Amino acid sequence: MSANHDGANLLEVRGLTKIFGTLTACDHIDLNIAKGEIHALLGENGAGKSTLVKMLFGSLEPNSGEIFWNGQAVRITSPGAAKKLGIGMVFQHFSLFEALTAAENIALSLDDGSPISSIAAKARALSYSYGLPLDPESLVGDLSVGERQRIEIIRCLLQTPQLIILDEPTSVLTPQEADKLFETLERLRSEGKSILYISHRLEEVKRICDRATVLRHGKVVGHCNPREQTASSLARMMVGSEVQAVVRAPVEGIETAQPLLEIRGLNRKPATPFSIPLKNISLNVRAGEVIGIAGVAGNGQGEFFESVSGEVLQQDTASVRIRGKDAGGLTITGRRLLGAAFVPEERLGHGAAPRMKLSENLLLSRHATDGKAFVGTGGMVRSGAVYAASQRIIEAMDVRKSAPDPEAAALSGGNLQKFIVGRELDRRPSVMVVNQPTWGVDAGAAAHIRQALIELSRSGSAVLVISQDLDELFEISDAIAVMHNGELSKPMPIAEATFEKVGLLMGGAEPGHAEHTLETA
Amino acid sequence: MDITVNILLTIATAATPLLIAAIGELVVERSGVLNLGVEGMMVMGAVGGFGAGYLTGSPWVGLLAAIAVGALFSLLFAVMTLSLATNQVATGLSLTLLGLGLSGMMGTRFVGQPGVRLPNLDIPGLSSIPVVGRLLFGQDPVFYISIALTAAVMWFLFKTRTGLTLRSIGDSHTSAHALGIKVIRYRYLAVIFGGACAGLAGGHLSLVYTPQWVENMSAGRGWIALALVVFASWRPWRVLAGAYIFGAVWIGQLHAQAFGIPVPSQMLSSLPYLATVVVLVLISRNKRLTMMNTPASLGQPFVPDR
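Which chain is which? The protein sequence lines are A and B, in order. Per the numbering used here, the first sequence runs over residues 1 to 521. Per the numbering used here, the second sequence runs over residues 1001 to 1306.
In short, the hints are calculated from the structure, not lab data. Computed from a predicted structure; not experimentally measured. There is no bait here: all hints are sound.
Below, computed lysine-lysine pairings styled on DSBU-like, alpha-carbon distance capped at 35 Å:
no.	chain 1	residue 1	chain 2	residue 2
1	B	K1287	A	K490
2	B	K1182	A	K84
3	B	K1287	A	K122
4	A	K269	A	K490
5	B	K1287	A	K279
6	B	K1182	A	K122
7	B	K1159	A	K122
8	B	K1287	A	K269
9	B	K1159	A	K84
10	B	K1182	A	K219
11	A	K372	A	K401
12	A	K180	A	K490
13	A	K35	B	K1182
14	A	K180	A	K35
Here are some chain B residues pointing at chain A (derived, C-beta under 7 Å):
no.	residue
15	L1164
16	S1168
17	S1172
18	S1175
19	A1178
20	L1179
21	M1292
Selected chain A positions facing chain B (in silico; Cβ < 10 Å):
no.	residue
22	G80
23	S95
24	A99
25	L100
26	G113
27	P115
28	I116
Where is the CB? At the ideal position from N, CA and C, for every residue including glycine.
Whole structure, please, built from the sequences with the hints as guidance.
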């Protein structure tokens, strides 16, 4: 790559390198962003995308390399310096303050001393002009994820940046909200602003981006025009090899199969002021099928998983039934003994104890169900058997690791997730409940996990998958239900489901749920 | 009538040090730092204030010294927890232990010495108005400082941009850092302000309340101030209410004991604590409001990734 100096480039990055210990997160990255273009930054998890943008926004300092802004060499030493240059950022993990109002959140990132009321008025006007209605007085803790993202975007726009960095902006949006965002981005482009768009969703990159830079293992592996590529050719550039497609054979006679997991009129009061109550949820998952639960993050999926897995017990013991037995009053171990298995969303600290070895983590979740195999006379642990079982799982799931039996925290996110899912699959559970099975997992590992879940169901188990990733749910589910505001829609058979239908339900279009309406200013 | 006025005056004197120390700690905790060393900073302020007053003969110099000693002592905590990211609970506890020990050692030569007392306000004409005159215009200067301080902190936290920034750091230091806010600098200033307030509260003890030096003379007031902040759900006016309720019940039970009411004295001595907890729990019933005012990142060390 040769950097050009004709002045058309807003930002030029040459040889940018960041080293963490022994890991080179970014290795001599070159990147040019022209004025008025939407530039995609593609790459798998761990490819170095986030590290690169953190260096551009001044939250991380590069070890070497140069950054040119409008042709001038600059050092971006802090987010404040980035803002001064005209770089704005919309974060992947929101950087909002839940206990403050939208207007206060916006005021915090503006350095001028104007009073909150005038900022609120400006934010309201700007939000309506871009068709992203926002109530500046509302408390962030009360808002949906989509609404929170509007605040981030409005906050960024109020700083009148020349370059806007968006880190995985659509991963938390409904398809309709994403469309709205794309309109906004196209309008910003027509106003001459540049956008650096980070995503691993290839279809949307093809749709809106003018150019793309692909990263793999911290290195730039190619530049391309995404419109001239296919989704699979982009995926090949990102992953470096073909990604195995997930195969899902249709199931016959599922209507007569026995329900193994039954949820009947499940209610739950909110545990904290910002959490979602569950309202009368009913769902049957039958032997042989995969049911997917879609929904925008924060609509009660976490609360629902806790209630089903037994992290929170129910008053009504019949509200959760596993293999025909009332399980609502049973703890996690009790439910496991009935044949259920659970994979929570957080890997470290929830799905696995970070500072314990993989074999120890295996024993932690299966000491009761596999008591005979793992625990000998007098309660002594048969470490040999546990170790052998953990090695079996590692092999079956292709877990890549640096030591024979490493600590859980030493594994990369994707590999640890493969181990955790494999640990539960290894039991051949008759009911499997998984929350976000492939969140932050690279494409190859994700395909592996998805295929394993489908195969488990086809061998006669009931599988329930909660996910924010619609592509994933469409790939593996036999039926999709949507959770919105603590309520669950009826499962829609996959043959009838479309992105649009599911998206409308995710936005709360079902009767009884109006979109958060605001009076115009 | 005179008795009532006298009782009200003693209540104000009992509540003032609690209020000042608690308001300081409130600012510290709003920035997300939990400094359990209030008791230690307070007693250091008391010995520093007494010593400076005794040696110079001026209670005003004593008061300034108390503030300076408290602030300096809190700087130790700030360096440990903010620059070196030590555990805030452990560091705060050791600050209290260090303060109690160090003040005892420094104060050995002051034990039994007559101290100097800050004079009460005396405005000719106004101060001699019956009843309200002494209550409004005849108290010690620190009382007025404590009320002004509460109002100022309220205004600062909820009306100024800097106050908003401080609260945002307490809510999420990672978000604040991502926006380019200097988290560590704000927290340093907040901790030092808290130390200065605790020192001032200590100075009130040894220069107004009982103008002499007694070892451990803070007598657990630092802990009460800490508890007040939490029970008041980090809101200044509730801290004020809590401090005065505590002071009132404290003085009330002293009088009750003096009158020989047939209730075990231990029971009476525990009343102020009970009453304060009950009242503050009652006014903090609104869970949502409490949630909004609780600094979510309280006590978590912050290490920016570079």
